[in-house]
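In order, the protein sequences belong to chains A and B. For the first sequence, this note's numbering assigns the number 1 to the initial residue and increments by one for each residue that follows. For the second sequence, this note's numbering assigns the number 566 to the initial residue and increments by one for each residue that follows.
If you are wondering where the hints come from, they were derived from the structure by calculation, not from laboratory data. Built from N, CA and C at the ideal position, the CB exists for glycine as well. Careful: at least some of the hints might be erroneous.
As the list claims (entries may be wrong) - List time: in silico EDC-like cross-link candidates among lysine to aspartate or glutamate, alpha-carbon distance up to 16 Å:
{"no.": "1", "chain 1": "B", "residue 1": "K795", "chain 2": "B", "residue 2": "E643"}
{"no.": "2", "chain 1": "B", "residue 1": "K750", "chain 2": "B", "residue 2": "E720"}
{"no.": "3", "chain 1": "B", "residue 1": "K635", "chain 2": "B", "residue 2": "E618"}
{"no.": "4", "chain 1": "B", "residue 1": "K778", "chain 2": "B", "residue 2": "D922"}
{"no.": "5", "chain 1": "A", "residue 1": "K469", "chain 2": "B", "residue 2": "E720"}
{"no.": "6", "chain 1": "A", "residue 1": "K469", "chain 2": "B", "residue 2": "E881"}
As the list claims (entries may be wrong) - What follows is a list of derived Cβ distance ranges for each label pair:
{"no.": "7", "chain 1": "B", "residue 1": "G892", "chain 2": "A", "residue 2": "N90", "range": "53 to 61 Å"}
{"no.": "8", "chain 1": "B", "residue 1": "C575", "chain 2": "A", "residue 2": "R188", "range": "53 to 61 Å"}
{"no.": "9", "chain 1": "A", "residue 1": "R188", "chain 2": "B", "residue 2": "E743", "range": "55 to 63 Å"}
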Amino acid sequence: MIIRAMDSQLRWLSFLLFLLIALLSLLPSLRLLTEAFVNMSFTTSSPLSEVLRSERTWRALQHSFYTSGLATLIAVVLGSGFAFVVSLTNIRRRALWVFCFMLPMMIPPQVTALSWLQLFGPASPLLNTFGLAPALGSSNPMYSPEGIALLLGIQSAPLVFLALRTQLINLPQDMIEAARMARASHLRIWIDIIVPLCRSAMVAGAALAFVSSLGNFGIPAMLGIPINYLVLPTLIYQQMAGFGDDVLSEIAGLSMIIALLVLAGMLLQQWLQQRSQYALIGHTTQSISFNLKKARAPVEIVLGGILCFILVIPLLSLIISSFVPALGMPLNGETFTLNAYIEMLSKQGSTARAFSNSVFLALAASLTLMLVCLPLGYLLMRLPMRLRSVIASLIEVPYAIPGIVLAIAFILLFARPLPFIEVSLYGTLTIIFLAYLSCFLSVCLKPIMSAMSQLDSSLEEAAQLAGAKPLQRLFHIVLPLTAPAFFAGGLLVFLISINELTVSALLWSAGNETLGVLIFNLDEGGDSVLASAISVLVVLLVASLMALLSLLAPRLPKGIIPWHD
Amino acid sequence: MARLTLDNICKQFDGQTVIDHLSMNIEPGAFVALLGPSGCGKSTILRMLAGFEPVSAGEIRHGERLLSSKKQHTPTEERNFGMVFQSYALWPHMTVADNVGYPLRIQKIIGEEKTRRIKDALAVVELEEYADRLPAQLSGGQRQRVALARSLVTEPDVVLFDEPLANLDRHLRATMEETFRAFHKRTKATIVYVTHDQAEAMSLADHIAVLNKGELVQWGTPQDLYATPKNTWLANFIGRGSVLNLVATEPQQYIRGHQLQELLRQSLLKGQSEQTPLSQKTTSPVLVRPQDIHFINNPLEEGFSVKVRNCIFRGERYDIELILADGQRLQAYSDVPMDQDSQHTIHLEQAWSLETDA
Numbered sequence: 001m002i003i004r005a006m007d008s009q010l011r012w013l014s015f016l017l018f019l020l021i022a023l024l025s026l027l028p029s030l031r032l033l034t035e036a037f038v039n040m041s042f043t044t045s046s047p048l049s050e051v052l053r054s055e056r057t058w059r060a061l062q063h064s065f066y067t068s069g070l071a072t073l074i075a076v077v078l079g080s081g082f083a084f085v086v087s088l089t090n091i092r093r094r095a096l097w098v099f100c101f102m103l104p105m106m107i108p109p110q111v112t113a114l115s116w117l118q119l120f121g122p123a124s125p126l127l128n129t130f131g132l133a134p135a136l137g138s139s140n141p142m143y144s145p146e147g148i149a150l151l152l153g154i155q156s157a158p159l160v161f162l163a164l165r166t167q168l169i170n171l172p173q174d175m176i177e178a179a180r181m182a183r184a185s186h187l188r189i190w191i192d193i194i195v196p197l198c199r200s201a202m203v204a205g206a207a208l209a210f211v212s213s214l215g216n217f218g219i220p221a222m223l224g225i226p227i228n229y230l231v232l233p234t235l236i237y238q239q240m241a242g243f244g245d246d247v248l249s250e251i252a253g254l255s256m257i258i259a260l261l262v263l264a265g266m267l268l269q270q271w272l273q274q275r276s277q278y279a280l281i282g283h284t285t286q287s288i289s290f291n292l293k294k295a296r297a298p299v300e301i302v303l304g305g306i307l308c309f310i311l312v313i314p315l316l317s318l319i320i321s322s323f324v325p326a327l328g329m330p331l332n333g334e335t336f337t338l339n340a341y342i343e344m345l346s347k348q349g350s351t352a353r354a355f356s357n358s359v360f361l362a363l364a365a366s367l368t369l370m371l372v373c374l375p376l377g378y379l380l381m382r383l384p385m386r387l388r389s390v391i392a393s394l395i396e397v398p399y400a401i402p403g404i405v406l407a408i409a410f411i412l413l414f415a416r417p418l419p420f421i422e423v424s425l426y427g428t429l430t431i432i433f434l435a436y437l438s439c440f441l442s443v444c445l446k447p448i449m450s451a452m453s454q455l456d457s458s459l460e461e462a463a464q465l466a467g468a469k470p471l472q473r474l475f476h477i478v479l480p481l482t483a484p485a486f487f488a489g490g491l492l493v494f495l496i497s498i499n500e501l502t503v504s505a506l507l508w509s510a511g512n513e514t515l516g517v518l519i520f521n522l523d524e525g526g527d528s529v530l531a532s533a534i535s536v537l538v539v540l541l542v543a544s545l546m547a548l549l550s551l552l553a554p555r556l557p558k559g560i561i562p563w564h565d
Numbered sequence: 566m567a568r569l570t571l572d573n574i575c576k577q578f579d580g581q582t583v584i585d586h587l588s589m590n591i592e593p594g595a596f597v598a599l600l601g602p603s604g605c606g607k608s609t610i611l612r613m614l615a616g617f618e619p620v621s622a623g624e625i626r627h628g629e630r631l632l633s634s635k636k637q638h639t640p641t642e643e644r645n646f647g648m649v650f651q652s653y654a655l656w657p658h659m660t661v662a663d664n665v666g667y668p669l670r671i672q673k674i675i676g677e678e679k680t681r682r683i684k685d686a687l688a689v690v691e692l693e694e695y696a697d698r699l700p701a702q703l704s705g706g707q708r709q710r711v712a713l714a715r716s717l718v719t720e721p722d723v724v725l726f727d728e729p730l731a732n733l734d735r736h737l738r739a740t741m742e743e744t745f746r747a748f749h750k751r752t753k754a755t756i757v758y759v760t761h762d763q764a765e766a767m768s769l770a771d772h773i774a775v776l777n778k779g780e781l782v783q784w785g786t787p788q789d790l791y792a793t794p795k796n797t798w799l800a801n802f803i804g805r806g807s808v809l810n811l812v813a814t815e816p817q818q819y820i821r822g823h824q825l826q827e828l829l830r831q832s833l834l835k836g837q838s839e840q841t842p843l844s845q846k847t848t849s850p851v852l853v854r855p856q857d858i859h860f861i862n863n864p865l866e867e868g869f870s871v872k873v874r875n876c877i878f879r880g881e882r883y884d885i886e887l888i889l890a891d892g893q894r895l896q897a898y899s900d901v902p903m904d905q906d907s908q909h910t911i912h913l914e915q916a917w918s919l920e921t922d923a
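Given only the sequences and the hints, what does the whole structure look like? Please build it.
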């Protein structure tokens with residue numbers, strides 16, 4: 001009888017977990033769909049047709065396509081260049097290169113935007129320090145569509161890099177040796193063998209870069225709103241300001257447009273990725289490595305220069321900006337001040353509050369998701385393949401659709417007080433917390449699922465033969481063996497949610513601001529020195545969390561930590 | 566101790582039949598090998614016995630106890646079977662003693678009793694000194710012996726072996742076979758042993774079930790299978806030898822002496838005159854083992870003329886490949902080397918007539 005009770009416990013658990021998935025993953029998207037289509041009629045007054053007829057919509061769409069398209073081009077050039085050099089040659093300190101190149105992806109977009117603004121403006125502390133600043137009154141070149149595209153490109157280049165690198169490091173060395181025996185030159189090998197084998201991976205990476213640029217909010221918000229150059233996510237953000245009766249439906253309509261574009265892009269990317277999987281035969285133990293010989297040092301210098309330009313100099317200007325008394329002043333022995341940091345830590349009530357809000361949200365989200373994902377992953381692994389992949393893609397949806405769309409869905413869900421208990425979540429931290437759970441469920445689940453699927457099934461079968469019940473097997477066998485992935489999942493969620501801007505930009509309210517929102521607001525309010533100081537701390541936090549994850553890497557299945565092989 | 570019965574078992578995966586109406590009785594204490602090429606369904610049978618896979622139709626019973634049927638399925642954890650996996654399936658985060666003691670931990674056997682039983686189990690496989698090591702610190706053979714100790718610690722009635730030697734090198738296999746034999750003698754448990762290696766099955770099991778494409782081809786002792794295989798496929802699968810096509814004869818009988826010489830002569834004549842290989846309808850296959858072929862040195866003795874196609878040195882003897890006058894090939898042994906293309910005369914002692922494959 002005890003056995004039956006146990007199994008029914010497990011059944012209850014699975015019922016609850018699947019209910020939770022339905023609530024977190026399906027409900028927001030469904031709410032959005034109903035809002036967009038419930039008033040649908042082809043009369044002139046329906047909100048959706050209003051949206052579709054509005055000139056602003058089409059202009060924003062055009063802007064979105066222009067910036068994302070250009071960004072994709074930049075991302076492909078940067079990402080594939082780095083991928084080829086770092087993966088295929090005998091360059092030194094490979095892990096460090098990968099880590100540095102991946103960093104822009106993990107740095108929050110508003111921080112990236114801020115650092116570049118600080119770099120190029122007439123008030124640039126870095127340029128002023130060297131007396132190179134443009135004349136006062138001239139406009140900052142970053143406030144332009146091309147500026148937006150450049151930063152979007154840098155931010156999404158790691159996506160192309162990753163897609164390509166995964167393919168490249170799996171190319172077996174013996175294929176190249178065979179080509180060499182056929183007397184092919186290095187160039188011919190690259191053109192005839194390497195490029196064809198990773199072409200689809202490159203296209204898939206490009207699709208991913210396009211989709212992620214399309215949904216990006218932080219960069220076009222910081223660079224585009226001041227010059228009134230709106231893309232779809234920032235259009236939604238601005239529309240929200242004019243809160244009216246029809247506004248929500250209109251915004252829902254706009255969100256649907258982005259969501260559909262992004263989902264189409266994701267499907268294209270998945271299709272391409274599947275096509276790119278040639279069955280590679282041969283030893284994958286040793287991957288290809290071309291000897292650069294004398295060209296090694298110059299190549300390293302070129303790579304270092306590029307990294308300097310896209311990563312080091314902007315960060316440096318961010319750091320310098322945080323040490324000057326006011327924007328526009330050069331940094332030297334006399335002007336150096338820690339005022340911004342002191343102010344941040346002591347006086348500004350909102351800073352301390354934002355910091356504790358973000359830490360609390362990130363901790364709560366990562367711990368909750370870890371607790372949910374362990375049994376969830378375990379149950380999913382026991383489902384038939386087809387059902388499992390359906391549920392896995394359902395969980396993926398809130399992560400795949402842009403944060404701004406998810407935020408709108410949550411506003412629609414919680415704008416009114418909850419039924420029965422009459423408690424309104426709108427304007428509380430709880431709504432942000434729930435949105436994070438929905439958004440990052442797949443971030444936490446993926447490493448756990450991947451570790452569980454790599455677990456030899458006979459390990460659990462052996463425990464089954466020993467008489468162990470499902471929960472005993474989960475805690476005695478599966479958890480100890482997947483613990484590193486379990487912690488990696490939690491750390492990744494913490495890393496992403498502590499910097500999150502897009503979702504909280506729409507869901508925050510006075511007293512409930514997050515770090516991302518704070519940086520954005522300070523910059524908008526003209527206090528970029530303080531914004532820079534906070535950004536410096538955020539970058540430090542990101543880099544140290546990434547380093548912590550790297551320490552876990554040797555004990556994790558391949559591919560869980562993006563910047564690690 | 567109870568008999569293990571498989572009664573008309575069927576198994577389908579996605580509408581594809583993997584096991585087709587299989588019946589088998591495994592006596593208590595027997596050492597049974599399930600032998601067949603990969604994909605024949607032998608592992609599926611083992612997984613159904615263990616309870617990992619439900620049956621699509623039919624019944625599995627252990628004595629009076631129903632283990633699996635279409636309606637009822639006893640979960641693995643309630644079957645009290647032991648199993649040894651091809652991948653060893655040792656838990657890498659537990660020491661050898663913890664691995665072996667895990668089934669006891671689940672059964673809430675603790676204290677001195679637990680320690681004693683772990684020690685006894687490790688003694689059987691001669692690994693007492695390794696109790697505190699982690700599996701990663703052991704060699705392949707040692708790992709498999711730990712797995713063996715774990716499978717016997719609860720003294721199960723039935724122990725299942727899933728290709729336990731497939732990951733070991735050839736020298737270790739011989740030692741491990743000896744360990745398995747001793748294990749069987751000592752525990753008297755019923756053993757069901759899955760393998761694709763016929764030599765391994767022949768040397769270990771007292772009964773062998775040969776499977777092909779989900780069906781039981783033949784069930785018998787190793788000696789039966791070698792001497793009287795049912796059909797051409799089995800004759801080619803077990804032992805060495807050649808299958809000749811002779812003028813149609815009654816299947817499943819030994820042909821010797823004058824009868825054999827006469828059949829062979831007719832076949833050869835017919836084969837040469839028709840210029841084409843004999844069609845299947847008018848012939849039947851017979852198995853000739855290499856040791857039944859003798860070379861004749863005395864020119865007065867009657868025999869068949871053959872040409873040597875190949876001669877390979879095997880250490881204790883030479884393997885000779887011969888061609889008969891009608892082009893059919895024969896495997897023979899010889900103590901002395903023979904030149905390629907040289908002509909010889911042979912005498913056939915006996916041949917076993919086979920059923921043609923369905």
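Inset, instruction - Take the C-alpha atoms of K469/A and E881/B, compute the straight-line distance between them, and say whether it is at most 16 Å. - result: Outside the cut-off at roughly 55 Å; violated.
Inset, instruction - Verify the proposed pairing of K469/A with E720/B, using a straight-line Cα cut of 16 Å. - result: 20 Å, violated
Inset, instruction - For the pair supplied as a hint, K750/B and E720/B, confirm whether the alpha-carbon distance does not exceed 16 Å. - result: 13 Å, holds
Inset, instruction - Look at the Cβ atoms of R188/A and E743/B and judge whether their distance stays inside 55 to 63 Å. - result: 56 Å, holds
Inset, instruction - Starting from K795/B, check that the Cα of E643/B is at most 16 Å away, please. - result: 38 Å, violated
Inset, instruction - Take a look at whether the Cβ-Cβ distance between C575/B and R188/A falls inside 53 to 61 Å. - result: With Cβ atoms ~56 Å apart, the hint holds.
Legend entry - Distance restraint between K635/B and E618/B, which requires alpha-carbon spacing of 16 Å or less: The given pair, whose Cα atoms are some 11 Å apart, holds under the 16 Å limit.
Legend entry - Distance restraint hint 53 to 61 Å, applied to the beta-carbon atoms of G892/B and N90/A: 58 Å, holds
Legend entry - Hint consistency between K778/B and D922/B [alpha-carbon to alpha-carbon, up to 16 Å]: 13 Å, holds
Of the hints listed earlier, those the structure fails to meet are numbers 1, 5, 6, in rising order.
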